[in-house]
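*Asks:* Top to bottom, those sequences are chains F and A. FYI, the numbering used here numbers position 46 of the first sequence as 46, with every residue one higher than the one before it. FYI, the numbering used here numbers position 46 of the second sequence as 1046, with every residue one higher than the one before it.
Keep in mind that the hints were calculated from the coordinates and are not lab data. Every residue gets a Cβ at the ideal spot worked out from N, C-alpha and C, and that includes glycine. Not one of these hints is a red herring.
According to the in silico footprint, chain F covers these stretches of chain A (three or more CB under 8 Å from chain F):
| # | stretch |
| --- | --- |
| 1 | 1026-1040 |
| 2 | 1050-1056 |
| 3 | 1141-1154 |
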Amino acid sequence: MVGRRPARLHRERTLNSRRDYIVLGVSLAVAAVFIYAGVDKLRDPLQFADSIAAFAILPAILINLLAFGLPPFEIACGLLLLGPRTRRVGALAVAALTIIFFTALASALLRGLTLDCGCFGVGAPSRPRMWFELVVDAALFSAALFVYLRSITRLSESAVSAK
Amino acid sequence: MTSAITGSTATSMRLPHDRSPGSQILRDLIGVALLAVASLAAGLMINRSSSAPLPVVYQSPEQRFDAELTTLVAAPPFKIAPAPAVGLDQFRSALDGKSTLILDARPSAFFAVGHVPGALNLARDDFARDYRRLGAVMQDAHDKPIIVYCSGGDCHDSRLVANALLTLGFSNVSVFTGGWEAWSAAGLPVSTGSAP
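Use the sequences and the hints to build the structure in full.
*Replies:* Here it is, written out as structure tokens:
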């Protein structure tokens, strides 16, 4: 048996390798979305602040602070997703962010508001677009959660094999 | 020798970095919180270094517009009777009469993509600059009928611009409430290009 690996171990390594490529692909896609969204918001912070205000959720003192902080946060999330050691935190941040976006959009839709979320570029207020962005948020949350859980699983597997 | 190490002793010998999922998730949440704080700090620095920094406390479009008007007039409070509304038929009649000044209150980017033929751009979000740019035209129009439009629907820009013009002493200003939405939905002619 010297020099030959057991077949079961080889299959597990192949499966893990495929999953790792899927995680990498999903991470790259989500990273691209968030880096683009963050850079786009930095171009017109005033417009983005007006979009936040349109949700009628936050008091005036917090609206501009969110408009200042969210674009760098989105860019940072995207960049963190690119690195194998930082991917976990990036994925968790994206998951948290998409929950907040989803809740805000759902709340606006339930209250009968028609607005431009400003999530992925500036546009005219539109309810169909709000629904579309709600679906996109759900998809991004699912992707981020997948990446995070896979990363946690790999970490646990590494810890177990190290013992 | 190693067989003398009991299970309880082994479990009490914890590794310096506990890798249980629960503790890792907690560490990750702390990381996210720190990232949020760092992002806010970065955002504040970016705003501070911007050529047009925003104030820390948000101002609504109406509040900003009111502040902007003070650069043009010794502003009275922004409380006047709203400009009357006109429908599509009235708007088309006024346009055919050619004596009415038509103003588009949408941002210049939207104006460039498409606007009512003959309309001039007096954008709500850049009112002071556009008003100065239109200088002579606006001076001539003081006693002429003026109709302002924007996107239509829930858009308030036309109303804000119309009321600003009334504040500035224009006597005959109304608002085409159907806006660009109604004009383009009726299949009416469209002009494109930026304001001169």
